[in-house]
Amino acid sequence: MSTAVGNTIVSLPDQSTAQLPKRHYINNEYGLLSWLLTEDHKRIALLYLFSVTFFFFIGGAFAGLIRLELLTPQPDLVAADTYNKFFTMHGLIMIFLFLVPSIPGVMGNFLIPLMLGAKDLAFPKLNLLSWYVYMAGGTLTLAALVLGGVDTGWTFTAPLSTHYLNTHVITAAMAIFITGFSSILTGINFIVTIHRMRCPGMTWFRMPLFLWAHYAASLLMVLGTPVLAVTLVLVALERLFGIGVFDPAKGGDPLLFQHLFWFYSHPAVYIMILPGMGVISEVVSTFSRKRIFGYTAVAFSSVAIALFGFFVWEHHMFIMGVSSYSALVFSLLTMLVAVPSAIKIFNWAFTLQKGSITFETPMLYCFGFMGLFTIGGLTGVFLGSLGMDVHLTETYFVVAHFHFVMVGGGLMAFLAGIHFWWPKMTGRMYPETISKLAAVTTFIGFNLTFLPQFVLGYLGLPRRYAAYPPEFQVLNVLSTAGATVLGFGYMLPMLYLAWSLKYGAIAGSNPWQATGLEWQIASPPPTENFTEIPIMDHEVYDYEWLANKTKNEVTTVG
Amino acid sequence: MDSALATTDPADLHAGQEHGHVSLPQHRHHFETVEQQREAGSFGMWLFLLTEIMFFGGMFFAYLVYRNWYYPAFAVASNQLSVSIGTLNTMLLITSGFCMAIAVWAAEMRKRSLLLAMLMLTTLLGIVFLGFKSSEYYEKYELHHIPGNNFNVSMFTNPAGYGIKEAPLPPDMAQKTQVFFFLYFAMTGMHALHMIIGLGLLCWLIWRANRGDFSSGYVAPVENFGLYWHFIDIVWLFLYPLLYLINRHPLH
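As given, the protein sequences belong to chains U and H, one line each in that order.
As numbered in my numbering, residues 1 to 558 make up the first sequence, in order.
As numbered in my numbering, residues 559 to 810 make up the second sequence, in order.
Misleading hints may appear alongside valid ones.
Unchecked claim - One side only, chain H facing chain U, incomplete, derived with CB under 8 Å:
{"no.": "1", "residue": "588"}
{"no.": "2", "residue": "591"}
{"no.": "3", "residue": "601"}
{"no.": "4", "residue": "605"}
{"no.": "5", "residue": "744"}
{"no.": "6", "residue": "771"}
Stated by the list, open to error - Chain H is nowhere near these chain U residues, computed Cβ spacing over 12 Å in every case:
{"no.": "7", "residue": "122"}
{"no.": "8", "residue": "225"}
{"no.": "9", "residue": "394"}
{"no.": "10", "residue": "462"}
Unchecked claim - Capping the alpha-carbon separation at 30 Å, the derived lysine-lysine pairs in DSSO-like fashion look like this:
{"no.": "11", "chain 1": "H", "residue 1": "691", "chain 2": "H", "residue 2": "723"}
{"no.": "12", "chain 1": "U", "residue 1": "250", "chain 2": "H", "residue 2": "669"}
{"no.": "13", "chain 1": "U", "residue 1": "290", "chain 2": "U", "residue 2": "22"}
{"no.": "14", "chain 1": "H", "residue 1": "698", "chain 2": "U", "residue 2": "549"}
{"no.": "15", "chain 1": "U", "residue 1": "125", "chain 2": "U", "residue 2": "290"}
{"no.": "16", "chain 1": "U", "residue 1": "250", "chain 2": "H", "residue 2": "691"}
{"no.": "17", "chain 1": "H", "residue 1": "698", "chain 2": "H", "residue 2": "723"}
{"no.": "18", "chain 1": "U", "residue 1": "502", "chain 2": "U", "residue 2": "22"}
{"no.": "19", "chain 1": "U", "residue 1": "551", "chain 2": "U", "residue 2": "354"}
To be clear, the hints were calculated from the coordinates, so they are not data collected in a lab.
As the structure is a computational prediction, the values presented were derived from the model and not from experiment.
Glycine included, every Cβ here is placed at the ideal spot set by N, Cα and C.
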C-alpha cells in the first residue's frame, strides 16, 4: 500500500492489477430469494438501503410539491386540503420511513457486527423480520396515500385526527404503528449485540463512538416507540368507537394525547440524530488522523442525550395550556440537553485542531453537518425559552429549526456515512470530483431553502397553510429556488453511486487508512465477516497501531 | 417474537454441524459459545418485556389521569365489576404462572413428562381465565356497557331502578363511565390479546417438548417464554387492583 500523497489520504491499490475478492457477501449466493430470505446483516443493510432511498425520493417529491405550491401566495397549484395531505405525507414518510430507520437500518446493520468483531447481530432472523415489518408499514403508508391520503399532519393531533377529519387516519396510524415495531426490533437487536457480542479485548471504552451512539439511540427506540404505539392504538380505537379518550367534547383530554405523543416523538428526534453523530465521529477522526478529542466525554454525551431526551417533551406544548411551573422546569431541562450536544460539537472541533485534515467528500458532508447542526441546535435553544417560544412556535421558524437538525444534521450525516463506507459496502470508490460538487451543492441548496424560513417564521408566517400574504413571496421564492438546488444535490449521489458500482475504482480493504476493525477485512467483506474472530489489542482510533501494522505488512510481503 | 429469539428452527440444525466444538445442535454459528447464545436470548427477552412495560404504561397513565378527573364515575363503574370473578381469575393466573415456573425447572432437570404436564396445565389455566373473562365481557354486552353508540348510562343515573345501592350520578358525569369502560376494555383486551398469543406459543412449546427438543439441556425457548408468561401475570396483578379493587365500599 502506498502512503498518503499530497492533500489526500486515499490510498488505492494499483488499478491495473487490483481485483475484488473472489467470494464476498454480494456474490456468495445469487437469486432474488437469496436476498429476500437472507439472515446476513450486510445483505439486510443493503435491503434497507434500497428501501429507505425509495421512500426518501417519494418524501422528497412531496417536499418539491409543497415548495412549488408555496411559490405564489394563492393556493393555485393544489387546493388547501390537498396541500394538507402533501405535508402530512412528506412528514410521515421522511420521519418514520426515512430518518428513523436510515442510519441504523443501513449503516448500523452493516457496521455494528463488523466494528465489534462479531459474525452477525445477535438475532439475525429478528433483523430480517424488522425489514419485513418496515416494508409492511411502508406499504400501508403508501396505501393510505393511494386511497386518498391523510391530512392530520405527521403529529396525528387529537381531536383533529379522531373527530374532525374524514381521511385515512386509521390506515396511516396503523402503518406507523407497524413501522414502530421495526425500530423496536432493531433496537433490541443492537443493544443485545453490543452487550453480548463484543470480540475479545473490545471493552466498552475501546468501542468506536459509532457504537456508543447507536447504543444510546437503541435505548430510545426500545423505551420510546411502545408509547407511540399505544397512543396510535388509542387514536384508532377512539375513531372506531367514538370514545372520549382524547376528544374533549366527550370528556377526553387532548393534552393527554400531546403528552403521550411527544413522550415518543421528542426522543425520536434523538433517534434520528444520534446515529448521525456516530457517523460524524468516525469520519472526523479518520480525516484528521487523530483520536477523537475527549473520547469518554463524547461517548457519555450520547448516553446523556438519550437520558435527557426523555425529559424535555413538554417543550412542544408550551402554548397548549400546561401549568406554567412545569413549563419552567421543562424549559430548563431543554436547555440542559443542549449541553451534551455542545460537548460533541466542541470535541469534534478540538479533534480537528492540529489534525492532518484532508477534504474528501465524507469530510465535506461532515463540515456541513457541524455547521448546520449547530445552527439547528442553537435555534432549538431559542424555542426552548418560554417567551421566545410563544412568539415562534407553529411558525416557519420551527420548520426551519427542525429541518436544520434533521436534514442539515441527519441527512448530511447519512450522506457522509454512505460515501465513507461505500468502498466497504461495494468494494468500489465513488467518483471524487463530482461527489464533492454534490456535497457543496447540497450545502448551498440547503441554506438557500431554510435560512429564509427562519426570517419568515420570525416575521410570524404560520406553518401548514397553502396560502400566505403577498409580502412574504420574495422569501418563499428564495426558499423554493433553494429546494430546487437541494433536489439536484440529492439526485447526483443517486446517479454517480449507481455508476460507481460498475466503473468505480477498486477500493482495496482500507482506502481511507482508517483504524476500525471493519477496515481490516476485505471490501466487500466475506459473508462470515472474519475468518478468525479478531482480538482488539489496541485502543480505538490508534493511528500509530495502524501505521505499524501497515509497515509490517509491507515488510512481510516485500 | 419468541420463535425469532429462540432461533432454533430445524433449518438451523445443520449450521451447528459445521463446527466440531459445538455441543448442541441448536447452537447458531455466529455465537462463539452456547452460553453466549443463551445469555443473548434471555437479555433480548428482558428488553422486549421492557418495551411491553412502556406499551402498557401509556394505558395505565391514561387510566390514572381519568380516574383522578372523573372520580365519581370511575368509582361507580368500577363497582359494577365482579370482584369474585376477578379474584378467581387472579388465582387462576398465579397458579398458571406457578406451573410455568415448574415447567422451566422441569426442562432444566430434563424431566420430559413433567415438563409436558406442566405446560399443558399452564395452557389449561390460561384458557379457563379467558373463559371467565369472556363471560364478564358478555355480561357487559348485555348491560349495554360496551363503549360506543349503544352505551347505556341509565344504570348510573338511576341505580335504584336496577337495585344497586349507589348514589345516582348527574347525566354528564354518568357519561364518563364510558371512559372507564373504554379503558377497562382496552387494558384487559390488550392483556387478553397477549394471553392468546401466549397460548399459541404454549401449544408450539408443547409440540416441541413432546418431540423431545428440550430433553437434552436446551431450554432457552421454555425459559424465555416463562419470562413472557410471568410478565402477563404481573400486568394482571396491576390491572386487578386498579380496575376491580380500589375504592370499593362493601359496607354500603
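Do the hints match the structure? See the list:
1. 588: holds (4 Å)
2. 591: violated (11 Å)
3. 601: Since chain U brings a Cβ to about 5 Å from residue 601(H), closer than 8 Å, the hint holds.
4. 605: holds (5 Å)
5. 744: Holds, because the Cβ-Cβ distance from residue 744(H) to chain U comes to roughly 6 Å (cut-off 8 Å).
6. 771: With a minimum Cβ separation of about 17 Å from chain U (threshold 8 Å), the hint on residue 771(H) is violated.
7. 122: For residue 122(U), whose nearest Cβ neighbour in chain H is about 4 Å away, the distance does not exceed 12 Å, so it is violated.
8. 225: For residue 225(U), whose nearest Cβ neighbour in chain H is about 7 Å away, the distance does not exceed 12 Å, so it is violated.
9. 394: Label holds. Min Cβ-Cβ 25 Å, cutoff 12 Å.
10. 462: holds (30 Å)
11. 691(H) <-> 723(H): Holds - the C-alpha atoms of residue 723(H) and residue 691(H) are around 25 Å apart, at most 30 Å.
12. 250(U) <-> 669(H): violated (56 Å)
13. 290(U) <-> 22(U): Violated. Residue 290(U) to residue 22(U) sits at ~34 Å, over the 30 Å cutoff.
14. 698(H) <-> 549(U): violated (74 Å)
15. 125(U) <-> 290(U): violated (38 Å)
16. 250(U) <-> 691(H): holds (28 Å)
17. 698(H) <-> 723(H): holds (19 Å)
18. 502(U) <-> 22(U): holds (16 Å)
19. 551(U) <-> 354(U): holds (24 Å)
This entry does not satisfy hints 2, 6, 7, 8, 12, 13, 14 and 15, going by the numbered hints stated previously.
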